[in-house]
Each structure stands twice: as structure tokens, then as C-alpha cells.
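Undergrad: Residue-level listing of the chains:
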Amino acid sequence: MSRPLQDILFGAPSPRARTVTRGVSAIAAAVLLLLAAGVALRFQSAGQLDARFWAFFAWPTTWTFLAQGLLGTVASAAMAAAIALTLGLVLVLGRLARLRLVRWPSSAAIEFLRGTPTLLLIYVCFLVLPSVGIKLSTYWMLTLPISLSTAAVVAEVYRAGVLAVPRGQTDAARSLGLTEAQVFFLVVFPQALRYIVPALVAQLVIVVKDTTFGYVVTYGELMQNAKVLIANYHALVPVYLVVALLYCLVNYAISRASQRLGGPMH
Amino acid sequence: MGDIARLLADYGPAFGQALLLTWKLTVLSFVPGFLLGVVVTVLRLLPLPPLRLALTAYVEIFRNIPSVALLIFIVFALPDLDVVIDYEPSVILTLALVCSAFTADYLRSGINTIPGGHIEAALSLGMRPRHIISTVILPQALRAVVQPMTSLLIALMLSTSLASQVPFPGRELTALVSKIATDSAAGMAAFAVAAAMYVATGLLIAWAGSALEKKARILR
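Taken in sequence, the protein lines are chains A and B.
Counting in the numbering used here, the first sequence runs from 874 upward without gaps.
Counting in the numbering used here, the second sequence runs from 47 upward without gaps.
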């Protein structure tokens, strides 16, 4: 691993430059602390540090309720991810097919689902489908749209992986007499997966973010439960802060995992 | 098809306005978000540990927070801290913050594609770090990130749909569809029209992005 670029750029400072850097560092730290103090003061003057806004975080029931919300988020995200991984495979098989009759509809479906906001799809499941007689549970009103739009993205990720597998692999497998299905599922796809695992895990972050829309359909995920807590305690700032922090932590953990998986393969 | 024709007769101008608002929100959040991202990237290069720490935290927070959660915090929680921001600026602020974090992240990986020898060469020519950043690092980094920035712009365009989550005076596409679906039975047709507009906009951005990519790409 070579040195990070900024270390080369500021690699060998003169004694004078080092003093200046240290001084500016101290000033930067002071400014940042002042900024933090300013925010704290704003909380104080707005009365948001009052005990009544924070006391309920000491109660286990609050955390049980938030944990239930997180569980709802995980349940929806996990199902959406599972469906997306499967449906994405179907879509990419369609897109890579030789038959135009299969290829074009698959490409159109991918472009359509990828190019439409998830929130719009959620509104369709929430407002439009009931009017034509299809009634989904709140869980599926949230999970189905997320699955569909994620499936399209996952299909493109699969495609990038499949195209990255050297062509000789396909040729070799065919010359051994494997059927087309065997070539894809035994030779090409397993290798493609290794290239794209980090991208797939990173996609999970987007799935978790999308489940935040659960409150739109009143499905009990973290954001929806936060709204209920707020209705009970009138503590907007603390609850939203804690929930935002929880989301950040979960997504940060997933991002880090994806970066680690992206390490050297061989 | 008859449904769509009837819908366009009733709501045609509304769809035009909604599309324009979607575009406007996209541009107004992308431009400051992008510029802020560039500034954050440059500041993160400076050898000032406290600043680097704070900016890394900034990038990680706004990259990982769900945009809706951020928007709801800005719109509904900040007034409790006596900070009142109007709905439209709130949406733009949310999207710009998220955009800046992703821009900073992409630019950083763009910077990592620059061979260290370029910096050493510039230093040995006697160039100051400030000069190297503006004439050696940034131009190469910017050219390396055209493709991810195109994807980011498309994602941002789709994210403007979250403007439908706040009581907005104007309606962008998603808010318009939700209104039509609540008022009438033309929900499906409205969805089809809005989806076509989103997809067309996305394809347009993708096309412009790949044209720019062809011009800007550095062949190594």
C-alpha cells in the first residue's frame, strides 16, 4: 500500500511549517469546540436539555419500543434484500438472454424500476393498488416497493459482475460440454459474485435507508415508532436525534463490513 | 391509453409544473452540494488532525443518515431549537448536505487514483501545496469522478420525491401523484406519467454524463 496522497503532499514539513501547522490545528480545534459549545448553548436556551425531554430514555420500556422498531426495520430490510437478490437474478438472466422477446422486457423493467423513486412506488402500493382492489398489509406496502426497486439495481450489479468474468471461462466451460445453465450457475455466476459482494452489501445501506419510509404506510419500523414516542412525550429533538444516530450506526456498520469484504480476494 | 389522455387533459399543466419543480430542486441541491463536497475534500487534505476528524465525522454522518430522517429533523425538530427554515429551503438543504457527503467520498476515491509520483514531481518543481491541489490534484480527481457523480445526480433527482413529505406549496412529481391518487381514480395513469418523466430525466442525465465522461476520461 503506498502512502496516502496527502502525506506525500505535506510529507516533510520544515520546522517553521510544523509550528504553523500546530498553531492552525489548535485554532481549528478551538473553533470546532466553540461550534459545539454554541450548539449546546442553543439546546440550553431552547430548553431542550430539560430533564423531562430526556428522562424517558432511562426507562427500559422506551428502549424496548425502539428495539421493536429496529426489529421492524430489520424484518422489512431483510425480506426486501432476499427478494431483491432473487428477483435481480431473474432480471439479469432476462437481460443477458439471447431471445429478444425476453431481453427487451427485462431491460425495460430494469430501467423502469431503477429510474422511479422508491417513494413513488410506495405511494402506488399505498394509494393506488387498494383502489383497484389489491389490499396489501402495511409490511408489504413498504417491503414490496423497496424489493422491486432494489432488484433492478441488484440486477445491474450482477450484470457488471458477470461481464467482469473473463470470457475464456465461458468458452472453456462450453468446450467441456456444459449446458448453458451449467455454464452460468456453476462457472460464471459464482465468480461474478466474488467481484460484487462489496457492492451488494453496500446496497443494503440503501435498503435500510428506504425502510425509513415505513412511517408513510404506518408500518412499525424505527421511524414510525419514533413518531409514536414523540406523540407520547412531545420530545421531538431528543427522539429524532437518537433515532438518526441509530440509523447512522447501523448503516456505518454495514458500510464498514462492505469495505472489509472489498479487501484483497486472493 | 384513454386514461392517460384524459389525465393529461385534466392535469397536463400540473404535470409540467411538477416536472419543472423536480428539476429545479435537483439543480438547486446538486450545485451547492457539489461545491460543498469539493471544499470538504480539499479541507480534508490539510494536515490539521482536528479538522480532518470533524470532516470525516461529517461525511460519515450525512452519507449514512436516511435523507427522510434528516429532512424530518430539519423541518420538525429544529423549530424546537428556535431554528425555523422554510419547507423548500429545508428540502434543498437536506439534499445538498447528503450530496456534499457523497461528493466528498467519491472525490476522495478519485484522488486515490492519482499516482503519488505526480505530487512528488510537482513538489520537486517547487510548487506550493495550495497550487498542487488546484492544478494537479483537483483536475484529475474531478475527471475521475464523472461516472459516480452522474449516478449521484440521478439518485438526487429521485430523492427530490421526499419533498412530498413536507407540506410544500408547489407539488413535485411524487406529491402530485399522491394528490391525484387521493382525489380521483386516475392514480395508475398518474403513476405511469410520473414514472415516465422520472425515467426520461434519469436517462437524459445518464446520457449527458456518459458524453462528459468520454471527454473527461483520463486513459492510464
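Treat the hints as calculated values from the structure; they're not laboratory data.
Keep in mind the model is a prediction, meaning the values are calculated, not measured.
Be a bit skeptical, because a hint or two may be false.
Stated by the list, open to error - A short, non-exhaustive set of chain A residues, derived as facing chain B with CB atoms under 7 Å: (1) P888; (2) R889; (3) T892; (4) V893; (5) A919; (6) T934; (7) W936; (8) G988; (9) V997; (10) I1007; (11) S1010; (12) K1082; (13) N1105; (14) V1115.
Said to hold, decoys possible - Okay, the calculated bits of chain A under chain B, using three or more residues with CB under 8 Å as the criterion: (15) 942-954; (16) 1057-1065; (17) 1084-1098.
Every residue gets a Cβ at the ideal spot worked out from N, C-alpha and C, and that includes glycine.
Undergrad: Run every hint past the structure and note whether it holds.
TA: Going through the hints against the structure:
The restraint placing P888/A at the interface with chain B is violated, with a minimum CB-CB distance near 14 Å, outside the 7 Å limit. The interface hint given for R889/A is violated, since its Cβ lies 14 Å from the closest Cβ of chain B, which is over the 7 Å cut-off. Against a cut-off of 7 Å between C-beta atoms, the interface hint on T892/A is violated, since the closest Cβ of chain B lies about 13 Å away. Annotation: V893/A was flagged as interfacial toward chain B, and the flag is violated, the nearest CB pair being 10 Å apart, outside 7 Å.
Checking A919/A against chain B by beta carbon gives a least distance of about 5 Å; that is within 7 Å, so the hint holds. A distance limit of 7 Å between C-beta atoms decides the matter here; for T934/A the minimum to chain B is near 22 Å, and the interface restraint is violated. About 19 Å separates the beta-carbon of W936/A from the nearest beta-carbon of chain B, more than 7 Å, and the hint is not met. Among the interface hints, the one on G988/A holds; its C-beta lies about 4 Å from the nearest C-beta in chain B, closer than the 7 Å criterion.
With its C-beta approaching chain B no nearer than about 5 Å, V997/A sits inside the 7 Å limit, and its interface hint holds. The beta carbon of I1007/A comes no nearer than 11 Å to any beta carbon in chain B, farther than 7 Å, and the hint placing it at the interface is violated. The closest approach between the C-beta of S1010/A and any C-beta of chain B is roughly 19 Å, which is over the 7 Å cut-off, so the hint fails. Taken as an interface hint, K1082/A checks out: its beta carbon lies about 4 Å from the nearest beta carbon of chain B, inside 7 Å.
Because the closest C-beta pair between N1105/A and chain B is about 16 Å apart, greater than 7 Å, the hint is violated. Interface restraint check for V1115/A: the shortest CB-CB distance to chain B comes to about 11 Å, outside 7 Å, so the restraint is violated. Counting residues of the region 942-954 of chain A whose CB lies closer than 8 Å to any CB of chain B gives 0, which falls below the minimum of 3, so the coverage claim is violated. Here the region 1057-1065 of chain A counts 0 residues with a CB under 8 Å from a CB of chain B, which misses the bar of 3, and the coverage is violated.
For a cut-off of 8 Å, the count of residues in the region 1084-1098 of chain A with a CB near a CB of chain B stands at 4, and the three-residue condition holds.
In summary, the numbered hints that this structure violates are 1, 2, 3, 4, 6, 7, 10, 11, 13, 14, 15 and 16.
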